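Spelled out from the first residue to the last, the chains are:
There are 2 protein chains.
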Amino acid sequence: MEHDQSPGEPPNHPPAQATLHEIRTAETSAAHLLPKLHSMKEFNPHLTLLDVGCGSGTISVSFAKLLPDGYITGIDVNPKILPRAQAVAETAGIKNIEFKQGSIFQLPFADETFDITYCHQVLIHIGSPWDALREMLRVTKRSGVIAAREGDYETECIWPELPELVKFHKLMAGLMRSGGGAPAAGRQLLSWALRAGVERRQVTLSYSTSSYNTPGGRKICSQGLCEQLRGGGLREKALKFGLGTENEFEEMAQAWEEWAEKEDAMLAMLQGEILIQK
Amino acid sequence: MEHDQSPGEPPNHPPAQATLHEIRTAETSAAHLLPKLHSMKEFNPHLTLLDVGCGSGTISVSFAKLLPDGYITGIDVNPKILPRAQAVAETAGIKNIEFKQGSIFQLPFADETFDITYCHQVLIHIGSPWDALREMLRVTKRSGVIAAREGDYETECIWPELPELVKFHKLMAGLMRSGGGAPAAGRQLLSWALRAGVERRQVTLSYSTSSYNTPGGRKICSQGLCEQLRGGGLREKALKFGLGTENEFEEMAQAWEEWAEKEDAMLAMLQGEILIQK
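Sequence order for the protein chains is A and B. Using the numbering used here, you'd call the opening residue of the first sequence number 1 and step up by one each time. Using the numbering used here, you'd call the opening residue of the second sequence number 1 and step up by one each time.
By construction, these hints were calculated from the structure, which means they are not laboratory data. Each hint can be trusted.
For identical chains, the list gives no copy identity; a pair is met inside one copy or between any two copies.
With a straight-line Cα cutoff of 20 Å, these simulated DMTMM-like cross-link-like pairs (lysine to aspartate or glutamate) come out: (1) Lys240 to Glu251; (2) Lys167 to Glu246; (3) Lys170 to Glu154; (4) Lys219 to Glu261; (5) Lys170 to Glu257; (6) Lys167 to Glu154; (7) Lys278 to Glu135.
These numbers come from a predicted model, not from an experiment.
All chains should be modelled from the sequences, with the hints used to inform the complete structure.
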């Protein structure tokens, strides 16, 4: 389960929630793009890449490492997350990168600016994702590629199926819907691309999974989700939309702690992936 | 979506349904095992491998190709499928293989017979899968490995979500349950292995996906499922258990035909995978 910075969510992530976001890299979250990226890099080491909805920038920074002679731009609708992204880049000693504020629906770039335009766990949170894809297509060069990877939250499976975790799953789906998003994004990615004006032959469609099941992975996942339930923007938003009570959130957090201690515990979700050849 | 030969299902597969089964190989359905298999083969080219629930034998035959100096045994509870498996091996010119009838709960082999014991889409169909895994452990040599890959049918996603396809999904889940199986197998694989007496540290857990979305893939999938709905063992079993009417099955088949013609159509499912180091 991966949750990007969604528009309007404040960036006051407690540390464990930040860890849950920031373990993500191009290798974990853009594997379907990397063979194409490396192939393009052979012909042009100076590739430009736009990471839309970059959040705290760990994926952007890992792209910058893969393209040392290229240039990465990370953009996020939430300006408050950008100092964190900048800090992540500085800590990694990365210079070929910049972060900007902007909306996926109105990217502040001229037509055909980037060789590669990428997003992950962004389209799931927004209404009319086909308009966002159309905008990503606009800023991508001819012969460039657009890559998106979005979870299909309806496929999330959790074991053991503790009742409070089933409630948590419904809470998160409700939060996505309350913001205009579509929890079953993964299965719809192709249809969104076609609605954005892409032809089927331009699209390579694939599926992968994200999961937590090792002792270390369970701990990172549980601590991150417990912090979201006990404080921070997700909790505030859920209370505001009447999606649960403080007592219920505490019960869910305790269930995640119980889950993390179980040897047979797992959490997995199917991810939809598209690669569009412009 | 992959459906193995389940116990009691007659092997009178019409041609398109056979195609849907027989496109499967070790590469498509045992990718989590292959690095270990190749590593073991470096030390011992004469590996013995048991494929439990081999059905029409296409996966077994591809294992035989990967282990030309090894020996493959395919076993299935249904004796009527074995001539088809034998024909698949003969057509491929494969000699280092044999097929036998037998139950996963009482494998007709001495303790510690095989280097590798494998099953795919078998545990999902049976009650007490932990007993089956215990039996697979028994026939595996010390330092050997047991590999299983099972779909999590509850994660199956279909787009577009035509109402008759949603009904079809429920029909298939009902069929699995009517035979004592657990449609949400993928998420439970680890818990089943622990219940079979395995320690957590012995298990490598991974997840992958199976999907159909290209024109060719959609055609194979649709034709195979239409044939299952219009004739053969699945239809007979569903009628016997009162899980639907002939009219409903015809409507579902027509919906699969409609689905196959749609450019944005997809079907995907999460697969659970375990590799147990004995």
